[in-house]
Amino acid sequence: MESDLLVVDDSAAIRKILQRVLRQTGMLIGNIYEAGDGQEALTLLETKKVDLILSDINMPKMDGLQLLAALKASAQWCNIPVIMITTEGGATKVGEAGRLGAAGYVRKPFSAEQIKEKLAGILDPAQAL
Amino acid sequence: MTVQTQTVGMNLQPQLIDSIRRSAINVFATMLGVEIGPGETSIEHGTLEANDGVVSFIGVAGAWAGSGVVVCSPELACRICNKMLMTEKSAINEEVLDAVAEVTNMIIGCVKTDLEGEVGPLGLSIPTVVFGKNFRTRSAGTTDWVIARFLWENEILLVKMCLAPH
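These protein sequence lines are chains V and P, in that order. Heads up: the first sequence begins at 2 in this note's numbering, then just goes up one per residue. Heads up: the second sequence begins at 24 in this note's numbering, then just goes up one per residue.
Keep in mind that the hints are not guaranteed to be accurate.
[Stated by the list, open to error] Below, computed lysine-lysine pairings styled on DSS-like, alpha-carbon distance capped at 30 Å:
id, chain 1, residue 1, chain 2, residue 2
1, V, K73, P, K156
2, V, K117, P, K156
3, V, K17, P, K156
4, V, K117, V, K17
5, V, K117, V, K49
6, P, K106, V, K117
7, P, K156, P, K106
8, V, K49, P, K156
What the hints contain is simulated information worked out from the structure, not anything from laboratory work.
Chain P with its partners taken away, still in its complex shape:
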């Protein structure tokens, strides 16, 4: 309760940006043996917009609550799976989606652990992965999203997170 009272007015965005960057780079280096380049970060308000490709979601709950999302193209999803599991997938299947879900779980899990010192214990949901074309995702609430872009060769990986006092 004390933690919640002290942190309601806190702006976590700088910590979120820093933690997402460190976590994503660490996960790719450790589990895939790949160096991904951190690109620009931004803050976007409200809805998550139209998507093509693979979108992986994890819910965060506790004194602060929100979501963590990883977005990538089908090509990058296959590349993640191939590097992580030493496979040669060229199309999305269950194994590819599972690999992306696990990468999401590890990135958002590391961010969660980083932030728990500031906001108290947080819980994570099991990841949900969606693959499709021209679909829209929307998050209820009015929270700002912290968005970090990463580059692996010519493909972009987005890690998005929103977190607000609950």
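Looking at chain V on its own, in the form it has when it is part of the complex:
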């Protein structure tokens, strides 16, 4: 069964790269929706059902950690796994993402293989073996 994903990043360049990388993973991926910040992501989730969210941390309006907190506080969206993809490598923000319930973390710059490994363990655990 195909999984629908949501990519949240204020950089259109990164959204475009992730679209390409995600299509190249060979995994069963359906729609890949895009949002430029946390607020846009929450608005989009009102009308679209997604199976996984990949989100940047540093974004204007609503950042990735605020988005993660909002998702985990919502009965409707709290079970959607969220992978943080960010330049933030410091223990503070990575630790905060973990405490808030992030399902994983990928640091920019990232390779296609890193993205595939993270997704495989979450979308279809059998593909991670």
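Got chain V; can you put chain P on it based on the hints?
Frame of chain V; chain P shown alone:
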């Protein structure tokens, strides 16, 4: 507070040079599949001088504060965008500027992470990219700039960074 007290007198320039070199080479190799050659590095005092082309800025804040800057020609900016996003741009547009901003974000982000072990947590601003001719940039303060040059074919990419106790 302890970190700040211990590091105020620290000279970060050797770590900055090393980190900028490693970060830029890593970002270009991973995201663009390109090997860029590290050229010379230098330390310059005070203002950033006259520019033509594309200049991308990111602010750094924390116990130490400053800026990270990437400078390149419009031709190199288009080449970065084309390689990164598999496009064929020959003139500066929003997509090209966004690609340069993201490269800046990743390079300075990696440097930030490297330095946090020495100076404590640092925050980054959202990148700002400027494209124009014969404009001057100036940074308030008297901090020295660490400047690293990289070569991709015949084009030069500059990565500049200043950081001082705040």
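Tested hints:
1. Using a Cα cut-off of 30 Å, the hinted pair V:K73 and P:K156 is violated, with the two alpha carbons roughly 48 Å apart.
2. Taken as a hint, the V:K117 and P:K156 pair is broken in the structure, with Cα atoms around 42 Å apart against an allowance of 30 Å.
3. Between the alpha carbons of V:K17 and P:K156 the distance comes to roughly 29 Å, so the proposed pair stays at or under 30 Å and holds.
4. The hinted pair formed by V:K117 and V:K17 meets the criterion: a straight-line CA distance of about 16 Å does not exceed 30 Å.
5. For the suggested pair V:K117 and V:K49, the alpha carbons sit about 23 Å apart, so the restraint of at most 30 Å is met.
6. The straight-line distance between the Cα atoms of P:K106 and V:K117 is roughly 21 Å, inside the 30 Å bound, and the hint therefore holds.
7. For the given pair, P:K156 sits about 24 Å from P:K106 by alpha-carbon distance, which is consistent with the 30 Å threshold.
8. For a cut-off of 30 Å, the pair hint linking V:K49 to P:K156 is broken: about 45 Å separates their Cα positions.
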